[in-house]
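Trainee: Sequence:
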Amino acid sequence: MANWCSNTVEFIGEHSQFEYLKILFEAMASKEKKEEKGQLPAFTHFDNGFLFDIRWEDGVLNYETKWAPNTEVIVAIADHFKVGFIYSYCEPGMSLFGETTYKNGIFTDIFLDDDDTGQYEYDELADTYRFENQDYESSDEILDILLERKKAISGLKG
Numbered sequence: 505m506a507n508w509c510s511n512t513v514e515f516i517g518e519h520s521q522f523e524y525l526k527i528l529f530e531a532m533a534s535k536e537k538k539e540e541k542g543q544l545p546a547f548t549h550f551d552n553g554f555l556f557d558i559r560w561e562d563g564v565l566n567y568e569t570k571w572a573p574n575t576e577v578i579v580a581i582a583d584h585f586k587v588g589f590i591y592s593y594c595e596p597g598m599s600l601f602g603e604t605t606y607k608n609g610i611f612t613d614i615f616l617d618d619d620d621t622g623q624y625e626y627d628e629l630a631d632t633y634r635f636e637n638q639d640y641e642s643s644d645e646i647l648d649i650l651l652e653r654k655k656a657i658s659g660l661k662g
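First residue of the sequence shown? That's 505 in the working numbering, and the numbers climb one at a time after it.
Keep in mind the hints are simulated off the structure, nothing from the lab. Keep in mind the model is a prediction, meaning the values are calculated, not measured. One or more of the hints may lead you astray.
30 Å max Cα-Cα, derived DSS-like pairs, lysine-lysine [unchecked claim]:
{"no.": "1", "residue 1": "537", "residue 2": "586"}
{"no.": "2", "residue 1": "654", "residue 2": "570"}
{"no.": "3", "residue 1": "537", "residue 2": "570"}
Pairwise CB distance ranges, derived in the manner of DEER restraints [as the list claims (entries may be wrong)]:
{"no.": "4", "residue 1": "637", "residue 2": "527", "range": "21 to 31 Å"}
{"no.": "5", "residue 1": "572", "residue 2": "531", "range": "19 to 29 Å"}
{"no.": "6", "residue 1": "625", "residue 2": "539", "range": "40 to 50 Å"}
{"no.": "7", "residue 1": "639", "residue 2": "527", "range": "38 to 48 Å"}
We put the beta carbon where it would ideally sit given N, CA and C, even for glycine.
Based on the provided sequences and hints, a complete structural model is requested.
Mentor: Here's what the structure looks like:
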């Protein structure tokens, strides 16, 4: 059984294209429900990177993939519609957590590695995460802090 990677994509660019994106993703979501299997846009030629549980909400795409983000599929969609994107992904079982931007053909992927995720630990007895002498109920907030710091070091704004 696959681990599931959660993906959120906010497309940026010419707003006239957003209606076409909405039509595409709503059609893919409908087809997914009907066929009960992951989807790829018809204009792509990938063998993997299928989108599952596709949701287009307030101009933002949310979906799941098996194991890892499917960045190459999202780049193909962006190129097809001549837009960019900000793409966040998380698959905790494989320690995948990051943010990809694609603007004017420039691709940047900032992600956490073992050194980053090794900065906090889980206290099983307290059922909390310990990071910089503070306790957190979940690791999500810690991961967000670490990613924002890494983006700042890389010169990307958060």
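Trainee: For each hint, tell me whether it holds in the structure or not.
Mentor: Verification of the hints:
1. 537 to 586: Holds. Residue 537 to residue 586 sits at ~28 Å (cutoff 30 Å).
2. 654 to 570: holds (26 Å)
3. 537 to 570: holds (17 Å)
4. 637 to 527: 21 to 31 Å: violated (50 Å)
5. 572 to 531: 19 to 29 Å: holds (25 Å)
6. 625 to 539: 40 to 50 Å: holds (43 Å)
7. 639 to 527: 38 to 48 Å: holds (46 Å)
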